[in-house]
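Below are the chains, spelled out letter by letter.
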Amino acid sequence: MNAFQTSLILAFAFLAVFAEAALDAPRHWLGAQVDLLPGLMVFTALNAGLPTIAMLAIFGGLWFDTLSANPLGISILPLLAIGWPVYLRRDLILRDLPFAQLVLGAAASAAMPLVTILMLLSGSQEPLIGWGSLWQLIVMTAGGAAATPLIFALMNWCNHALGYQVRTETSFRLDREIQRSRKKL
Amino acid sequence: MFKQKNYFALGAVIVVAVLILSLPASATTRLKFAISSWFLPLFGLADTAQRLPADLADTVLPRRELLQQIAKLRNENQQLKEQQFQTAAFARENEQLRTSLNWRKQTPWKLKLANVVTRDPANWWRTIDIDLGSRDGISNNLPVLTASGLVGRISSVDKASAKVVLIGDPNCRVSALVENAARDTGVLLASGPLDTSLVQLTYLASSANLKSGQNVVTSGLGGIFPKGIPIGQIVDARSVEFGLYTEARVKLNANLGSLEQVWVLFP
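Read top to bottom, the protein sequences are chains C and R.
Per numbering that gives the first Met the number 0, residue 0 is the first one in the first sequence, and the count goes up by one each step.
Per numbering that gives the first Met the number 0, residue 0 is the first one in the second sequence, and the count goes up by one each step.
Source of the hints: derived by calculation from the structure; they are not laboratory data.
Computed from a predicted structure; not experimentally measured.
Mixed in with the good hints there might be a few duds.
[Claimed, not checked] Chain R side only, calculated, beta carbon under 10 Å to chain C, not exhaustive:
{"no.": "1", "residue": "19"}
{"no.": "2", "residue": "30"}
{"no.": "3", "residue": "154"}
{"no.": "4", "residue": "164"}
{"no.": "5", "residue": "256"}
The C-beta atom is built at its ideal place from N, Cα and C for all residues, glycine as well.
Given only the sequences and the hints, what does the whole structure look like? Please build it.
Dropping the structure here:
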């Protein structure tokens, strides 16, 4: 992971938060807005180092809280709580399988609102929750699960198209080529 | 398994989060607006993108349709002028009566139009951001409405934008009055996270005689919302807490799900 990829992840997080605030279609059709940050955190935890995870948790959380009525900084720890365990177990996860991405995206998208609401309630805040919140949680989980493989595909494509590619070394060397000829050397 | 650098990154995130969460409310509000200013170029782009299809449609609108619209608007304008004359006559009469009874004069409402810029990305709050701020004279707790009825109140203000907390959010409680014979008053609270068109009118008297379709307006109690702003209509009512008080569901006049422009009401 290099600085370009970290910048790409942060740029995606910025645009994702803006899109969640500006685009109202999922709320109209499904009754809840889908959060893309958990899926992005799963991608980051599987493909980047802990400093990038830390930066995504801080900046992504701050950007989300800025456009929301959440207390500033409340989304940082839930994002970190998603990224850290995935990072610790990433050697055991088949990250290239879409099914694994889907399951991790679903778990992260379900955990993020739950942890945030728990923190809000413990901080004497009064969020709008009720039986309808269960439907919202289902929509967020399903939406986040569906979005995660797409995030993986998009980020991998961006890395491939825009990022620096490692040059592949071949065993062929011009100076050691065997010259075949009838001429005597 | 864990390098020292990793411990540092993890610790840094926790320290930053705790520090930001422990900041005083005024500092976090300023910090929020400072960070939200990063999004300003995107708001402009989004606004242009949203207007582009409408502008394109305007350029290809046939002349006949435009003429029809002009004729319709002229007709409406004529009707509104007649209504204005009638309202002016009522206002004069009202003023004379107030003077004769020695009542305090009513100040007319001053309204400012604002565009809705964003909605809350979190599903557990009901807020919107508008493009008017302190430089336009906006301050905290000013009522916000549409032509159909009350929408909410200003909850925080920056130079160029303000956050509006909508009716139905737990942080927006409105004292409301039912337009029936008894003029029953209650408090509007959130009803549920899914349906934005329904709110709960609670703490009504147990003897309240509520019927479906009765109008609900602001009562003027509480000092934030002036009296008489339309809110919605009663849907149904039920007695709660073993008959201690009555609760009713109110269908809001304003469509909170598709707000594009709102009016901010100045005192």
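Violations among the numbered hints, reported as their numbers in ascending order: Going through the list in order, the structure violates no hint and respects every one.
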